[in-house]
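**Student:** Next come the chains, spelled out residue by residue.
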Amino acid sequence: MAQTVLLPAGAPFGADQISALNSVFSTSTAEQRAWLSGFLAGVQAANAPQQAVPAAPPKARAPLTILFGTESGNAEALAARTRKAAAKLGFAVKLVDMADTTPERMAEVPNLLLIASTWGEGDPPQRAVDFFDLLMADDAPRFHRTRFAVLALGDRAYAQYCEIGRRIDERLAALGGTRIVDRIECDLDFEAPAGTWIDAALDQISQEAGETAAEDTSVIHVDFARPVADMATESWTRTRPFEAEITEHVRLTGSRSLSDTRHIELSLQGSGIAYEPGDAIGVVPRNDPALVGAVLRAAGLDGDTALRAALRDRYDITTLTAKQIEDHAILTGTPRQTPEWAAGRQVIDLLETAPHRFTADQLTGLLRPLPPRYYSIASSRKAVGEEAHLLVAGVRYETHGRQRAGVASIDIDEQRKTGDRLSVFLRPNPHFRLPAEPARPVIMIGPGTGVAPFRGFLQEREATGAPGKNWLVFGHRNYLHDFLYQLEWQDWIKDGLLTRLDVAFSRDQPDKRYVQHALWDARRELHAWVSDGAAIYVCGDAAAMAKDVHDTLIRIFDKPALDQLRRDGRYLRDVY
Amino acid sequence: MSDIRPLSANERIKENSRFLRGTIAEGLTVPQTGALADDDQQLTKFHGIYLQDDRDLRAERGRQRMEKAFIFMARLRVPSGILTPAQYLAADKMARERGNGTLRFTTRQTIQFHGIIKSNLRPLIQGLHTEMLDTIAACGDVNRNVCASVDPWRRAGHAAVTKLAGAIATHLLPRSRAWHEIWIGEERVSGGVEEDEPIYGRTYLPRKFKIGVALPPHNDVDVFAQDLSFVAIEQRGKIAGYDVIVGGGMGMTHGEPETYPRAGNVIGFCKPEDVIDVAEHVVTMQRDHGDRSNRKQARLKYTIDRIGLDTFVAGLNERLKTRLQPAKGFKFESTGDRLGWAEDETGLHHVTLFIENGRVAGNARDGLREIAGLDTGRFIITANQNLVIADIPAQAKTEVAALLKQYGLDRQAGGLRRNAVACVALPTCGLALAESERYLPSLIARLEVELEVLGLDEEDITIRMTGCPNGCARPYMSEIGLVGRSPGLYNLYLGGAHDGSRLSKLHARDVDDEAIVASLKPIFAAYATDRKAGESFGDFVIRAGFVARTIAGLDFHENLAPALRN
Numbered sequence: 001m002a003q004t005v006l007l008p009a010g011a012p013f014g015a016d017q018i019s020a021l022n023s024v025f026s027t028s029t030a031e032q033r034a035w036l037s038g039f040l041a042g043v044q045a046a047n048a049p050q051q052a053v054p055a056a057p058p059k060a061r062a063p064l065t066i067l068f069g070t071e072s073g074n075a076e077a078l079a080a081r082t083r084k085a086a087a088k089l090g091f092a093v094k095l096v097d098m099a100d101t102t103p104e105r106m107a108e109v110p111n112l113l114l115i116a117s118t119w120g121e122g123d124p125p126q127r128a129v130d131f132f133d134l135l136m137a138d139d140a141p142r143f144h145r146t147r148f149a150v151l152a153l154g155d156r157a158y159a160q161y162c163e164i165g166r167r168i169d170e171r172l173a174a175l176g177g178t179r180i181v182d183r184i185e186c187d188l189d190f191e192a193p194a195g196t197w198i199d200a201a202l203d204q205i206s207q208e209a210g211e212t213a214a215e216d217t218s219v220i221h222v223d224f225a226r227p228v229a230d231m232a233t234e235s236w237t238r239t240r241p242f243e244a245e246i247t248e249h250v251r252l253t254g255s256r257s258l259s260d261t262r263h264i265e266l267s268l269q270g271s272g273i274a275y276e277p278g279d280a281i282g283v284v285p286r287n288d289p290a291l292v293g294a295v296l297r298a299a300g301l302d303g304d305t306a307l308r309a310a311l312r313d314r315y316d317i318t319t320l321t322a323k324q325i326e327d328h329a330i331l332t333g334t335p336r337q338t339p340e341w342a343a344g345r346q347v348i349d350l351l352e353t354a355p356h357r358f359t360a361d362q363l364t365g366l367l368r369p370l371p372p373r374y375y376s377i378a379s380s381r382k383a384v385g386e387e388a389h390l391l392v393a394g395v396r397y398e399t400h401g402r403q404r405a406g407v408a409s410i411d412i413d414e415q416r417k418t419g420d421r422l423s424v425f426l427r428p429n430p431h432f433r434l435p436a437e438p439a440r441p442v443i444m445i446g447p448g449t450g451v452a453p454f455r456g457f458l459q460e461r462e463a464t465g466a467p468g469k470n471w472l473v474f475g476h477r478n479y480l481h482d483f484l485y486q487l488e489w490q491d492w493i494k495d496g497l498l499t500r501l502d503v504a505f506s507r508d509q510p511d512k513r514y515v516q517h518a519l520w521d522a523r524r525e526l527h528a529w530v531s532d533g534a535a536i537y538v539c540g541d542a543a544a545m546a547k548d549v550h551d552t553l554i555r556i557f558d559k560p561a562l563d564q565l566r567r568d569g570r571y572l573r574d575v576y
Numbered sequence: 001m002s003d004i005r006p007l008s009a010n011e012r013i014k015e016n017s018r019f020l021r022g023t024i025a026e027g028l029t030v031p032q033t034g035a036l037a038d039d040d041q042q043l044t045k046f047h048g049i050y051l052q053d054d055r056d057l058r059a060e061r062g063r064q065r066m067e068k069a070f071i072f073m074a075r076l077r078v079p080s081g082i083l084t085p086a087q088y089l090a091a092d093k094m095a096r097e098r099g100n101g102t103l104r105f106t107t108r109q110t111i112q113f114h115g116i117i118k119s120n121l122r123p124l125i126q127g128l129h130t131e132m133l134d135t136i137a138a139c140g141d142v143n144r145n146v147c148a149s150v151d152p153w154r155r156a157g158h159a160a161v162t163k164l165a166g167a168i169a170t171h172l173l174p175r176s177r178a179w180h181e182i183w184i185g186e187e188r189v190s191g192g193v194e195e196d197e198p199i200y201g202r203t204y205l206p207r208k209f210k211i212g213v214a215l216p217p218h219n220d221v222d223v224f225a226q227d228l229s230f231v232a233i234e235q236r237g238k239i240a241g242y243d244v245i246v247g248g249g250m251g252m253t254h255g256e257p258e259t260y261p262r263a264g265n266v267i268g269f270c271k272p273e274d275v276i277d278v279a280e281h282v283v284t285m286q287r288d289h290g291d292r293s294n295r296k297q298a299r300l301k302y303t304i305d306r307i308g309l310d311t312f313v314a315g316l317n318e319r320l321k322t323r324l325q326p327a328k329g330f331k332f333e334s335t336g337d338r339l340g341w342a343e344d345e346t347g348l349h350h351v352t353l354f355i356e357n358g359r360v361a362g363n364a365r366d367g368l369r370e371i372a373g374l375d376t377g378r379f380i381i382t383a384n385q386n387l388v389i390a391d392i393p394a395q396a397k398t399e400v401a402a403l404l405k406q407y408g409l410d411r412q413a414g415g416l417r418r419n420a421v422a423c424v425a426l427p428t429c430g431l432a433l434a435e436s437e438r439y440l441p442s443l444i445a446r447l448e449v450e451l452e453v454l455g456l457d458e459e460d461i462t463i464r465m466t467g468c469p470n471g472c473a474r475p476y477m478s479e480i481g482l483v484g485r486s487p488g489l490y491n492l493y494l495g496g497a498h499d500g501s502r503l504s505k506l507h508a509r510d511v512d513d514e515a516i517v518a519s520l521k522p523i524f525a526a527y528a529t530d531r532k533a534g535e536s537f538g539d540f541v542i543r544a545g546f547v548a549r550t551i552a553g554l555d556f557h558e559n560l561a562p563a564l565r566n
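These protein sequence lines are chains A and B, in that order.
So the first sequence is numbered by the working numbering: it starts at 1 and just counts up by one.
So the second sequence is numbered by the working numbering: it starts at 1 and just counts up by one.
A couple of the hints might just be wrong.
[Said to hold, decoys possible] Here are the simulated PhoX-like pairs of lysine-lysine, each with C-alpha atoms no more than 20 Å apart in a straight line:
1. A:494 with B:45
2. B:238 with B:328
3. B:238 with B:271
4. B:296 with B:163
5. A:512 with B:328
6. B:163 with B:238
The hints are simulated quantities; they were obtained by calculation from the structure and are not laboratory data.
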């Protein structure tokens with residue numbers, strides 16, 4: 001059933017206009033509405049500069065290079081928005097991915113704005129590794145002609161918070177670069193501070209470049225927390241998610257499985273969300289009501305119903321950061337807990353160390369905003385239409401005598417059911433796509449829920465009739481209880497779509513067997529496939545699996561060869 | 001005569017299998033399914049391996065987008081049920097590492113491993129093979145595991161019957177090297193002559209074939225339920241030869257009266273040195289005369305009833321080097337095991353352990369592993385699913401006894417429970433219509449309450465249950481037999497002989513737990529008050545008129561109570 005779209009009575013149109021628009025909308029398809037949305041945004045964007053650009057534009061536009069290193073796409077998205085803002089200010093902007101350049105080339109750039117994220121335990125994003133290593137090398141180029149500023153993205157939950165941005169910032173200065181403004185380090189709620197910082201940085205560069213009038217008051221403030229809807233796919237965001245109906249919600253793992261993995265089907269009807277296989281869906285979760293209650297009790301704020309709702313929907317009440325420990329010690333006047341103590345502990349543990357009556361503001365001031373969780377989409381629109389399928393593994397574990405639950409996974413798996421709605425938005429993953437050439441063979445390594453995007457890949461290749469060979473390497477704990485989508489792989493093998501399948505189940509025998517063991521056993525065939533042009537994809541756990549797979553691939557292909565595959569876009573990873 | 005009927009599908013599979021190879025080896029490497037190709041599922045039986053699935057999980061699998069939870073059962077070939085401690089340890093290790101963690105002693109004196117996923121089959125069989133164990137012909141249309149009485153305290157007699165059972169097993173073992181190639185990785189000799197099966201031929205037997213050797217008065221191997229049995233005839237302390245019994249068999253199909261269990265016929269006597277020849281030619285008679293079109297009429301028992309016993313014996317005698325002599329006659333006393341310790345004339349000790357339903361798990365499993373670790377004696381599985389630890393030197397007895405106590409293995413059981421046998425049935429057996437192993441213990445608990453009130457709790461009464469009518473636990477040879485009809489419902493049979501010499505008769509159809517107890521309660525009460533001295537329960541129910549006596553397989557379905565006639 002198509003959803004009827006009606007303009008609200010308060011829309012800024014006359015009654016006749018509203019009626020006319022409604023008559024169009026009510027008979028339109030979602031595709032038509034998505035197109036219209038994009039069209040209007042385009043018209044808007046095309047007209048905007050004339051209104052926004054200062055009356056006397058600079059004679060020669062100042063050059064500005066925005067360089068980003070991205071893993072999850074946040075740095076890239078931020079860079080894209082910065083470019084737009086800079087262009088409106090009259091800069092001649094270039095947007096460059098660290099994956100596509102070298103320090104040598106960047107050293108030629110007069111104005112450089114860097115946006116760098118830190119990944120895992122203080123690592124650069126995978127695709128930025130080469131750039132980072134060259135920059136840190138002894139023979140790195142001098143940057144004395146370059147004026148620069150660094151925006152570091154990170155996550156306070158990790159010890160090496162914003163490590164990569166910090167090291168790049170220090171390195172550029174050491175190599176002779178001139179810092180325009182001080183580095184900013186941003187946590188998960190980066191939008192507002194990043195926006196302010198970018199405004200300031202652009203303003204400073206403008207002034208120093210002397211190309212725009214210092215007294216110019218028409219600097220556009222870019223509200224990064226509310227990006228413009230310039231594309232239909234970007235119209236839904238973390239703060240303005242699409243409410244997608246759950247149309248199917250089934251447990252895929254057996255009743256005796258050690259894990260609880262669900263197959264979720266979401267209806268995207270009316271959203272205009274046009275994902276590609278490889279993309280992720282951001283889910284805005286709700287906290288476990290029981291944990292919300294415990295946090296409120298620990299803070300002495302049990303009776304505050306408004307706060308209860310806010311904690312459930314808007315604040316991160318699990319992840320514990322060093323800053324929170326420090327703030328909490330100051331607020332309560334108690335000794336600061338050590339990092340060793342904090343390992344494996346959460347906000348509730350911190351609150352329970354010192355009985356204290358907080359005010360609602362004190363408590364929310366202590367908490368970070370609730371971050372969305374991202375799930376690789378396990379479907380192709382060409383196969384399933386206006387749906388997105390997700391594979392969600394419920395995260396449950398115990399630390400320090402307390403049961404812990406993954407916020408989004410347990411919310412989705414246990415609190416939601418078919419017919420409920422889930423707040424979602426699209427997060428494109430342009431660096432994890434099927435090869436442009438339909439005939440290119442692909443090797444997909446996806447144990448556990450890491451197999452999700454590959455189901456999407458196979459659906460896409462089936463729907464498009466892509467002739468390339470497909471090889472899937474899957475792994476989990478038990479063959480009998482954890483063989484996700486087993487019947488679908490069987491059908492695709494029968495149809496000839498899935499050329500080869502290898503499996504590794506770790507708990508079925510005395511010696512643990514993982515996907516890297518299956519890869520090693522198949523090393524000769526891997527060489528043959530890669531010689532035939534195959535691209536290798538890895539999706540899933542970053543901490544152990546992706547590293548072990550990486551090491552095994554180095555053993556099989558050797559490091560230079562694997563690096564070359566990566567640079568050629570034939571070794572792609574989506575790990576988390 | 002338009003008597004040419006098409007061969008059954010299994011005959012074609014065997015014919016095309018290249019002596020039992022099929023495409024099993026290829027199928028083992030296919031990762032996307034836990035099963036094997038349909039034809040290969042028939043062929044693996046000849047290698048002692050059944051494809052099954054966990055039926056407890058069937059309902060949920062469809063929703064989970066996974067195929068059935070396919071698992072394999074592997075059955076050892078252990079003539080006479082005798083294992084060394086090292087062999088037992090290998091079996092225990094493989095059960096824990098590659099199976100579902102349990103061992104299952106069977107009514108054919110062997111061990112079954114359950115819950116083996118496909119990728120663990122080869123490692124399991126190779127692990128067993130390191131201790132010279134194999135699973136060849138433990139299932140399939142061949143001679144299965146050869147049974148022999150377990151009376152190790154009768155040293156000479158036991159040695160003779162087990163040696164004979166081993167010789168029969170070896171003589172009737174398929175010659176094909178398929179098992180070694182597929183499971184152990186033996187290379188095929190290139191250019192070598194393709195093997196032949198001099199006894200079986202390319203298509204083996206029409207159906208399974210079972211052989212037992214008994215040492216009277218112990219009929220633990222149920223000689224009348226086997227296709228072929230040899231009953232030792234002792235004269236002046238030596239075994240003079242064997243009476244030969246042919247045509248026993250248990251399987252039938254509900255609602256098909258042309259299928260029936262049958263007690264074997266005593267057809268003569270042979271000298272020890274002629275036993276192998278007799279065994280071979282009873283097998284070749286069945287090979288040549290058995291029904292290869294209808295597998296439900298293919299066992300030797302139907303062959304004999306079809307061509308007539310006299311014709312069969314005459315045909316057999318023509319093939320034998322030495323014709324059978326008239327039977328000497330023998331006397332059996334019981335089919336059950338005598339639990340506890342026994343000492344033989346040489347001063348060695350033997351202990352018979354009650355293993356309920358033959359399922360070795362948990363504490364009992366750990367205890368048996370510890371005892372096997374002492375590397376003393378022999379482990380002998382009985383046809384009643386129990387275990388005898390035999391040949392324990394006097395100096396080791398105390399240590400073994402202490403371990404038995406520590407692990408609860410010296411547990412005693414009442415007269416009904418210690419004479420109970422159940423097949424595996426749910427959740428692994430594909431044939432099961434109802435529970436068996438998982439249900440019988442609780443039913444016995446209910447019956448024990450009734451027996452105790454009547455003072456019958458120490459009476460030896462045999463009770464056997466199967467989840468389907470195929471009869472793995474030999475329920476039609478039991479004083480009380482329960483055969484699954486559908487979930488929770490059983491047919492109740494009564495009147496089998498305590499010594500295993502007479503079939504039973506249907507007493508009640510489609511009875512549930514409540515009705516089984518209600519049916520048996522008044523019969524127990526009558527037995528308590530009206531039995532004659534020494535009269536067994538099976539004999540009593542016939543004399544008291546609860547059921548008619550079954551004389552032969554062909555009247556098994558006759559003479560039912562009026563209410564049970566269709």
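**Student:** Does the structure break any of the earlier hints, and which numbers would those be?
**Tutor:** 1, 4 and 5
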